[in-house]
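Chain residues, written in single-letter form:
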Amino acid sequence: MAEPVLEMRGVSKSFGATDALKDVSLSLMAGEIHALVGENGAGKSTLIKAMTGIHRPSAGTILMDGREVAFRDSGAAQQAGVAAIYQEPMVFPDLSVAENIFISHRDRPQLIDWGRMNEEAAEIIARLGVRLDPRRAASELTLAEQQTVEIARAISLKVRVLIMDEPSASLSDHEVRRLFGIARALRDAGVAVLYISHRLEEIFALSDRVTVMRDGRHISTRPTAETTQAGLIAEMVGRDMAGRFARMPGQAREEVMLRVAGLGRAGAFADISFEVRAGEIVCLSGLVGARRTDVALALFGIAPADAGRIELAGQAVRIASPKDAMRLGIAYVSEDRRRLGLALGESIAANITLPALPRYTGALGRIDRLRELADAEGFARRLNIRAPGVTVPAGTLSGGNQQKVMLAKWLNMAPKVLIVDEPTRGIDIGAKAEVHALMRALAGQGVAILVISSDLPEVLSLADRVLVMREGRLAGEFPGETATDEAVMRLAVGAV
Amino acid sequence: MFDRIPAQTLRLLILLAVFAGVVLFFAAVIDGYLNARLFNRISTSVAIIALIATGQAFVVLTRNIDLSVGSVVGCVAYFVGGLLALWPGMPPLAVALLAVLIGAGFGAVNGFLVARFGLPSIIVTLATLAIFRSILVQSSDGASITTDSLPAWVPGFAQANAFTLGELQLRWMVVVTLVVVLAAHLFLTRLRAGRRFFAIGSNPDAARFAGIDAARTVFLAFVISGALAGLAGFMFLSRFGNITVVAGLGFELKSVGAVVVGGVNIFGGSGNVIGVLVGAALIDLIDTSLVRWELVSEFWREAVLGLLILAAVVADALLSRRLMARRRRAAAGAAAAAPAIGEGRT
Amino acid sequence: MSERGLAGRLRAQLASWEGFLLLVVVLLVALNAVATPYFLTVQNQINLFQLSIEKIIVALVMTFVIINGEIDLSVASVMGLAACAFGWLFQQGMPAGLAVAVVLGIGILCGAFNAFFVVAVGLPSLVVTLATLIAFRGMARILVEDRGIGGFPDWFNRLGQQPLVGPFPMALLVFAVLAAVAFFVLQRTAFGRRVYFIGLSREVAAFSGVDVGRVKAAVFVASGLVAALAGLLYAARVGSVRGDVALGFELDIITIVLLGGVSIFGGVGTVTGTLLSILIVLNLRNGMALANITGHIQTGVLGVLLILSVMVPTIRGWAARLFGGGEAVR
Amino acid sequence: ADTIMAEKGKAVNMVLLPKFLGILPFDQANRGAEEAHKELGNTGTLLYTGPTPENSVAGQIEILTTATSQGQNVVMLSNNAGDQIAPAAEAAQAAGTKVVTWDSPIPSGKGESLFVAQVDFGSIGTVMADMALSIIGPDGGEFAVLSATPDAANQNAWIAAMVEALKDPKYAKIKLVDTVYGDDQSEVSYNRALALVDKYPDLKLIMAPTTVGIQAAAKAMQDEGLCDKVKVSGLGLPAEMVSYTLNGCAPEFALWSFVDLGYLTYYTSYLLATGALKGEVGETFNAGRMGDFTIEEDPGRAGAKRVLMGPFTVYTKDNVEAAAK
Ligand SMILES: Nc1ncnc2c1ncn2[C@@H]1O[C@H](COP(=O)(O)OP(=O)(O)OP(=O)(O)O)[C@@H](O)[C@H]1O
Ligand SMILES: Nc1ncnc2c1ncn2[C@@H]1O[C@H](COP(=O)(O)OP(=O)(O)OP(=O)(O)O)[C@@H](O)[C@H]1O
Ligand SMILES: [Mg+2]
Ligand SMILES: [Mg+2]
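Chains as they are written, first to last, in this note's numbering: chain B, 478 to 973; chain S, 1124 to 1469; chain W, 102 to 431; chain G, 12 to 336.
Incorrect hints may appear among the rest.
Claimed, not checked - Ranges of calculated distance between the beta carbons of each label pair, as one might list FRET restraints:
id : chain 1 : residue 1 : chain 2 : residue 2 : range
1  : S       : 1159      : B       : 588       : 33 to 41 Å
2  : W       : 415       : S       : 1213      : 34 to 42 Å
3  : G       : 213       : S       : 1302      : 37 to 45 Å
4  : G       : 259       : S       : 1284      : 19 to 27 Å
5  : G       : 107       : W       : 141       : 18 to 26 Å
6  : B       : 547       : S       : 1286      : 54 to 62 Å
7  : S       : 1224      : G       : 150       : 48 to 56 Å
8  : S       : 1275      : B       : 553       : 50 to 58 Å
What the hints assert, rightly or not - Among chain B residues calculated to face chain S with C-beta under 7 Å, some are:
id : residue
9  : 551
10 : 563
11 : 571
12 : 581
13 : 659
14 : 663
Said to hold, decoys possible - Chain W regions said to be covered by chain B (calculated; three or more residues, Cβ under 8 Å):
id : region
15 : 271-277
16 : 295-302
17 : 308-319
It should be emphasised that the hints constitute simulated quantities derived from the structure, not laboratory data.
For glycine and all other residues, C-beta sits at the position ideal for the given N, C-alpha and C.
Chain B on its own, in the form it takes in the complex (with noise of 0.2 Å):
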């Protein structure tokens, strides 16, 4: 085989007092896909962003092509070929779609021809099988078409090394089909691909070689064509995983908690209807874009509805805020951490309290202190929640466990109705597991839960009941127990 484009050898990088790599070598070949899978907080992000020259190593060497290498910055890992898209979006909100691909590239002329630009844009996207406007502003796209721009804009760059962390966790089937396509064409072209996901089926559709990490530590690369998926997760996780997820019996109970009835907002959904039981777990599944997002933001009051009713109980209510949701025992976790979700210079203690606060006070508004790390030292023992501690600020966590925090967050609040949006998005595959227990746990206890997913798989293993909505309408509903991967997709792309 030839010489690896890039190697890395020995590397270290730790973060005050968490080591982050410990001692990790891996090398990428020219013409090869790799995988690199690992549990949450395992350092696959920190491992690429030391690769591209984010975090400085503690110890260890880089090389491309045999020789060693420093990167400055980013920019200099881009020039010397090596780009990443990784696992946070990173899009500039204020710039149009084709700047946001265009702006860090170094061999454009300096002066600006708009109309070329936005062509090439174009191409690019197309591409990748998506129709996306480039002269929108980056704010007013979604979160999946925020994650496409940015893998535009890593595939317009002449890569010799491009990194994807987690690229297919926001993006619709339809869009990981085309962004495989794309990754073999780069293969192709002898391109070294590093990707990283947690879905084990993609790993074993696309890969050559898959590198599995544990606590920071490298445990084993070989061909994906000599592993099982067992095997994998074995090494994973370092335990077995076999049997996690199997359909459980329903537990839906008579009383219906929650129930729409056309429901609609204009521009975005319209006619809505569908009812949530007591200790039942409902599935909002379609394609991303569908508005189920938007159906959700409703129900918890950020954009109301403008149209139609919703009975909590039985009785019929008006949800114009959070507030109002909350008093009401409607929880929703959104699908989007960083904005949404977490402030991540708080500490895991206060994110996880904060819906909760009125529990936590005393005379005069004073927060029991103690009683609020108490649970949430308690939420972190149970959701597996890896962090130094509660007080440290949620933005150190790695992606999973801030998952993780805000999961936590809102069971604090112990709701009636729980509203989940992408709740496993960028979890790996054990704190998955974890995850859809607590759900049945929860619905075991009563609680309503209505799951948006994209993760058909999850789907299916998790619904008693699968709602499927399309272009904001609801296109139909299955049991979950007869629910299959091309039943559920026919409807959501609208084939029939």
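Starting from the known structure of chain B, arrange chains S, W and G with the ligands on it as the hints suggest.
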């Protein structure tokens, strides 16, 4: 019908409409208001603050602020005046260049501290606002620059007309400012180097991840701000002749006011220097016109000025928000709806 | 595994921003005490506070405003308006006691006015309060024009100028009480917690059911009220008012708050930091004044101190890198 | 009564406190004070210190209080804080630090031992009215005042005195139409002057009782080619005004000597601090090269006492060049 116009242009048009509305209002309440003198007065007095505000806009676009501009204007006016008193023979172009360089030097101090060490610009420039002024007071020793100590071409420059059209006069000073604003506008909209200012202000983290050299761009923004404040300092010297240690006092808030009224997002990332020019002109127009309005006595002027500025900003914000919303609704369909949360950004 | 135990907490404190500020305070006091015999007298210590009492009182509430992610540039103008309104009402024959109450009401109105445009209209507070900085000052001018108004009742002037309890004048006691209240509310209550969250991310706060508008409005109203109170204290301290009362104080107040470690972007900072910063600024100014250093040099030195203070983390970073530690956590 | 003479060589710690540092008139006053300091062989210190322009009021109060803490013997104050400084001045007196004002007094007279007045405030009003009359001419016309800030106590007193003087029938034809404020900043004053011209098309004169304002207004009129129509007058420094006087933009203006004012203030303060002078009305003392002065009631401020330096000089093209040197 608004669909074709880019958002920034639309904002500018609205701002111009507000400007026109203010002019019409004063024309209705003040006798003999609309004449050539109005144009001559406003254009010349805006020339200086518009330059400073243009520099300020570069800084604000990168999500920073430069509060030291007033002190820079004062220092440059004073030092250049002092040097001219020593060497009256310096050629005019060299003097202007010197002013720009001194200003850029002050800006570089700010830029170095902010960009190299990642210090918050508001603190750095709050500090240099005081430090630069102290240097001025300390070195002036109570002596002021007077017109008599300057070569005749210096005060002459402020008076020189580039064109006259009947009563309308366009001073060279105004022409210089217009050229600078136009150049800044082209730089910011047409050159890749210019777009970086927007990118950094729009999302500093993303800029880092995308490999944009944020430090260099921010440094440059401060140098530009300092340089334009320096040029403004020279114009200040030329126009007012008498420079004491209070010269330029308060320009920091005036320039920030012009920038935000002109539609630059105070949190960076979006804006337009033509808008800044209009913003500067709007504030100056209101201020100057109020002095002439019989109904408003000297003691009412400030109160009315503050409320009028507020009204102008509110009108501008509401108008552009409504137009944007209508446009978004028109474009709706597949596109995402308006975010329900999020004040401020328009 | 959070750091527990007294020793650990103490170490954490000292490593923190507040620890650093405390060190500076101790050094300054020691330096001043050695440098001049006039420094460590009761009267000088009281003067030290008394001379800037209005600024430091408003700095307490400005801490809330800035942590909340906003700014209030109009405070000094509210102080001026309050003082002038008091003078005017008194001149019109209103009993001083009643006038005090009315003026506090005016302060609340000023705060509510700012809050309306920031919260309900959704304009950036920098713009709104820049405009009201001009407008409120203008209203003060309308009331007093070019006059100075004085001759307030004795009890009023006494409250501002004579000791009330022991050697302490009322303003100092007001400050102490307000500082305690500010500390409790910001650091210990649910309201304070919400102020922080809104400053860090108002979207997150809103999505967590925090009534962002209400909290912001409350903070602005408090700012107006406290500024008006400060204006009254000023009137009592100097015994007369004019249109330029407290002109330009806003920059000094903001300087104090920022030096105390409050982030201009919101969400970061403490009342303790502001209090320590107050001690630093007051001691530094007083020490320099006693050493006959003139005004502009004083402000220059304060400017340098301001820059040095924000450079401390950088300097610490250098030290850390020198000794092989990791990058500082941001 | 006997003329009180200063006893040289005593140790008196003195502070000269201007409105703020950095402008010429105050530096000139300091020159005068230093001259007297040497002359009297004071073995104490003379400290020239002041606040920054933007922090003048609070700064003056602070410096006066600090001087009290330091046990300075006398503070010579050009008051910019109006009556706001009175409590601090009273505290200073109570602690044994004398407060002598010059240039601008404490309006209520509280806490002030004496005021060294540059000229009689009432007569400034008359002089300004006279200059206005002589410039506008017997046919009469409109004029406006461009002052410093609305809070400037001395300017306000002078303008009030002028308004009082204008009531005399001999000024019946000249009409004061407006008063505006240039904040003692060149650019504001300049723009205000132009706005006045726009607002009053028949304006004949701008009267600026401030050295910054008169200079800016004269320049504005000259720049706009309006000198034939609108003249400028007021109080100005000859060095700054000479060209405008020669070219007719500002044919007449007035001022006194700040060097002399500093010198006289120093003498008065020294005498007061050494106890030679009690500070009672009627006491006469000798102030070196400036001759003898007598403490008198201040006619403008009930209960307050002053030492009147007077007279001042009206500058025209005949004498301005010599004074500018
Ligand atoms: N900026 C930082 N400051 C402090 N700790 C950090 C920082 N970034 C990452 N860490 C820590 O480093 C470890 C590895 O994090 P990393 O983001 O690399 O994990 P990951 O494998 O990408 O996880 P995920 O799958 O959840 O994205 C975690 O324990 C995390 O808390
Ligand atoms: N960047 C953003 N800024 C503001 N609001 C956003 C943003 N992204 C998403 N939203 C809100 O969330 C909604 C998301 O709708 P989207 O079109 O993504 O449908 P969806 O069915 O929820 O898709 P998904 O599968 O991502 O949940 C938007 O209409 C908007 O209200
Ligand atoms: Mg990661
Ligand atoms: Mg969604």
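Check your understanding: Against which earlier hints does the structure fall short, listed by number upward?
Key -> 13, 14 and 15
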